[in-house]
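The lines below spell out each chain.
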Amino acid sequence: MLYREAGQFKTSYDDDQAVFPIRQDRWGMAFILAVAYVALPFFATDYFITSIMIPFLIYALAAIGLNLLTGYCGQVSLGTGGFMAVGAYAAYNLAIRVPELNLIVVFILSGGAAAMVGVVFGIPSLRIKGFYLAVATLAAQFFLDWAFSRIKWFTNYTPSGSVAAPPLDIFGFAINTPDRRYFLILVIVTVMALAAKNLVRGRVGRSWMAIRDMDIAAEIIGIRPLRAKLSAFAVSSFFAGVAGALWAFLHLGAWEPLAFDINRSFLLLFMVIIGGLGSILGCFLGAAFILMVPLALNQIPTALGMPLSTAMISHLEFMIFGALIVFFLIVEPHGLARLWALGKEKLRLWPFPH
Amino acid sequence: MGFFIEVLFGGFLAGVLYALVALGFVLIFKASGVFNFAQGAMVLFAALSLVRLLEWLPLPLALAASVLIMIAFAFVVERLVLRPLVNQEGIILFMATIGVSYFIDGFGQTIWGSDVYKLDIGLPNEPVFILESVFEGGVLVNAFDLVAAVIAGLLVAVLAIFFQKTRIGRALRAVADDHQAAQSVGIPLRDIWVIVWSTSGIVALVAGIVWGSALGVQFSISLVALKALPVLILGGFTSVPGAIVGGLIIGAGEKLAEVYIGPFFGGGIENWFAYMLALLFLLVRPQGLFGERIIERV
Amino acid sequence: MRKHWRIATLGVLGAAAMTLAGLGEAMAQNEQFLPRLTYRTGPYAPNGVPFANGYADYLNLLNERDGGINGVKLTFEECETGYDTARGVECYDRLKGKGPTGAAVVDPLSTGITFALTEKAPGDKIPLITMGYGRSESQDGSVFGWNFPLLGTYWAAADIIMNYVAQKEGGYGKLKGKKISLVYHDSPYGKEPIPLLEELSKRHGFTFTALPVTHPGVEQKATWLQIRQARPDYVLLWGWGVMNSTSIKEAAAVNYPRNKMIGVWWSGAEPDVTPAGDGSKGYLAAALHAIGDQFPVHRDIVKNVYDKGKGAAKKEEIGHVLYNRGVVNAFLATEAMRKGQARFGNKPLTGEQMRWSLENLDITATRIKEAGFEGLVYPMKLSCQDHMGSARARIQQWDGSKWSFVSDWIEADRKLLDPMVAAAAKKYADEKKITPRDCSKEM
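Protein chains in written order, with my numbering: chain A, 2 to 355; chain B, 3 to 300; chain C, 30 to 472.
Take every hint as true, because none was put in to throw you off.
Here chain C is said to cover these stretches of chain A; the calculated rule only asks that three of the stretch's residues, wherever they fall, bring their Cβ under 8 Å from a Cβ of chain C:
id, stretch
1, 41-52
2, 162-171
3, 250-261
Covered stretches of chain A, going by a simulated chain B footprint (3 or more residues, C-beta under 8 Å):
id, stretch
4, 131-138
5, 143-151
6, 330-336
Derived by calculation from the structure, the hints in this document are not laboratory data. All values reported here derive from a predicted model rather than from experimental measurement. Glycine included, every Cβ here is placed at the ideal spot set by N, Cα and C.
Using the sequences provided together with the hints, build the complete structure.
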């Protein structure tokens with residue numbers, strides 16, 4: 002009833018091409034942004050900001066990166082953690098060695114560094130695909146992990162190989178409280194998510210999707226696979242790199258290569274698949290799911306006063322998490338975003354579906 | 003020179019262990035096209051079951067019970083995971099096996115505990131020196147590794163006979179060639195899946211015994227799955243001999259690299275070297291050593 | 030069917046919301062809350078479990094026997110980190126605000142988590158106790174105001190072990206031309222001792238090589254083949270979890286003498302040696318404290334905790350190396366609380382009060398005896414500048430069934446350590462733009 006587009010007419014091409022063509026969607030989006038920008042910093046606890054919202058947003062950003070590559074361009078990657086590490090260490094080195102650089106510039110440059118590395122490791126995609134490519138991207142993951150723990154220059158010769166972010170500020174405004182860190186991340190994620198959304202609607206995104214759907218056909222209609230694939234790797238790694246820099250600087254504060262290990266890559270792949278391949282919204286849903294479910298599972302027994310041992314809770318968490326993944330795949334293999342879309346379709350017709 | 007041979011041998015024998023895990027992957031991939039990420043978790047689960055059952059039961063009974071557990075596991079996976087997901091894309095099935103792998107990691111540790119368990123079924127573990135007349139100090143070989151190699155060889159032989167000579171084996175090969183054609187000549191696909199998952203469960207048990215005796219049975223075993231991936235790439239996803247040869251090449255390659263190239267880079271390179279080796283190989287021969295040429299050129 | 034899963038989803042969401050609400054629940058006022066970052070699962074569980082059990086048992090002992098500390102009950106909540114830094118940070122953030130005064134002290138129990146929390150603790154004003162681990166330069170209290178690497182850092186450990194090696198060889202002068210290898214866990218934890226060992230090798234003229242082992246450490250064949258070829262005089266082992274037992278097994282496989290292998294105190298517990306069976310006979314390791322369950326505190330734990338069915342461990346695990354380490358760690362933390370209560374009154378302490386207590390902690394021999402720890406730990410004293418207290422260890426040897434000491438207490442050479450610590454701390458302070466506290470002005 003509420004969700005009905007009757008009476009909303011598109012009177013220009015611009016209207017037709019809007020990101021959110023339906024008025025209710027625009028309102029919904031405005032509402033979510035209002036909550037994220039205004040309500041949360043005021044009302045949420047520090048725990049909610051630092052341990053849920055910040056990792057959620059950063060994961061979502063990295064997941065968007067991976068989704069551009071996997072969901073839109075069809076290249077499965079298990080090296081996202083490695084590309085995040087490139088971003089993190091690039092940001093560290095820029096911030097330490099060129100302290101006068103603005104933090105925003107640092108983040109952009111570190112994304113750029115990750116993009117370059119991404120292109121290099123994307124080259125095999127010109128020859129192989131599918132699971133072979135997935136395993137090949139693991140090479141990137143392991144190599145980058147190793148490089149950051151072994152090449153001392155990257156860690157500024159710290160004896161332990163663990164590095165810490167320098168004090169952060171933007172235009173003299175210190176980023177030192179949870180709210181400020183959250184705000185900075187939120188702005189970056191909003192801008193980049195919007196950029197991604199527009200990118201996939203444009204020529205570049207369409208060329209990726211053409212490659213994904215059938216590479217030979219794409220080639221015949223004039224899309225150059227080399228360019229499309231490598232650009233997908235570059236853009237995807239750029240997102241991952243910025244996410245890595247944010248994760249290191251604004252979430253952890255101090256980190257080591259293990260913070261970007263293979264588990265991180267797997268987690269991101271789960272997010273993208275659970276959320277929905279080829280959907281920007283899905284990245285957020287997937288990130289929320291993968292992040293919140295273990296936290297909730299971890300806290301439910303305590304909150305209900307059930308006397309379970311930590312080990313038991315953790316094992317149960319593994320089991321339920323695994324079972325939920327299977328369950329969701331069975332119920333809706335195309336992810337949460339598809340569920341959401343189906344729900345919207347139903348709502349449009351409700352209460353008179355026929 | 004003696005040292006070189008020693009490293010080479012050590013590498014081959016490590017490769018045999020990788021090959022055992024890779025074998026489980028290949029079996030399932032061949033018959034159902036599922037990239038079974040849970041293979042590592044299955045190795046852990048099988049080994050944990052065996053080692054805990056050994057506390058109450060004599061070895062033959064415990065072994066039999068573990069085999070039964072793995073078969074039961076195959077049934078459950080087929081019924082609850084594969085059947086509802088039939089005809090889905092590969093990536094979805096792959097994800098599902100990741101879910102399965104989480105589940106059994108948790109489940110195994112819940113019922114069997116998460117300590118280190120010592121698995122001692124009488125495999126020898128003394129260093130043996132051979133060729134002492136040829137090289138100074140001889141060449142060190144580990145008796146344990148030799149036994150592991152023999153076990154792996156036997157396992158491959160048994161699997162080869164099973165695939166080539168038995169009725170079920172022929173059905174399995176038919177399914178691997180073409181699902182629909184196999185189904186249309188009356189091969190029950192579901193039964194085949196249960197059989198192939200059981201087989202790879204038993205392979206996991208063997209791998210678990212070997213790894214478990216070497217490392218103690220504990221959570222880290224499930225991480226060896228990652229070691230098997232470059233082996234798969236090198237050998238091809240669908241080839242049993244490929245898994246073995248790939249394992250040997252990867253094992254020897256990474257040990258030699260670690261010993262001879264590693265020191266120039268500060269060591270620790272074997273982890274990515276295996277992948278790089280596989281990757282370089284892919285650029286030359288995208289289908290792997292023995293893989294079928296199903297990957298079209300892009 | 031379709032409806033069911035929606036209800037299930039709603040259930041999950043609802044439960045999540047409830048938990049969030051539950052966080053705000055008021056707690057009883059006269060309780061001191063301790064967050065417990067533990068890992069009872071994952072690749073390092075075999076080592077994490079006994080430590081967590083020992084810690085919990087000692088806290089329960091104080092509650093059951095004495096009703097807490099001076100009437101302040103100790104409450105604690107475990108949070109599973111799985112040795113993962115991001116999880117650890119989440120645990121810390123989740124638990125830091127609990128209890129009437131929030132978390133007064135945190136033991137991160139992982140070098141990686143310590144590094145991350147080092148950045149957060151000053152903002153939250155919560156001291157970190159990193160007993161026998163953590164970053165070595167954090168011994169300097171003027172820069173690292175909230176880190177307390179009690180009983181010894183990795184630099185101290187490396188120095189102590191090399192001191193033992195020198196004793197065996199007949200003095201530091203005899204080390205010239207010897208070959209020492211370090212087999213280390215390729216993480217900040219394993220890399221910590223390298224600068225100190227390099228420094229020592231320069232001073233005493235021995236050749237030092239470091240061989241990394243990748244997490245989690247089950248692949249060591251190449252490493253040990255290199256050792257077999259290089260034949261170092263001693264191998265120092267800086268491993269954790271499964272890496273330790275694998276190292277010992279591989280050493281046995283290449284016939285490297287186990288009595289020339291010396292592990293750090295995190296590589297010298299029962300789960301490290303038992304999987305290798307007879308192969309670990311003769312293996313040496315540093316020990317931060319005594320082993321065994323013959324101390325009065327263990328009798329009290331059995332009587333007050335286990336006989337009431339509240340024990341965390343299996344009874345036969347009481348007295349194991351890592352169990353005792355948990356007990357000792359809990360002892361030091363609670364002793365600091367006593368110190369703080371003497372000054373701030375018998376009520377729960379805040380993090381800031383706890384820091385004062387730790388900096389003024391002075392555990393005397395009489396107090397150790399009174400608490401039932403005689404022989405288990407030794408007296409120690411901290412200050413604003415020195416956050417480590419004394420750093421001593423003994424070397425223990427595994428004889429196939431139990432550990433026994435083969436050396437007396439060896440004290441780390443502070444004349445060597447302190448300048449290195451000061452230099453490293455200064456570098457950190459410059460990088461982070463921290464002005465060091467002037468400790469002479471603090472009481």
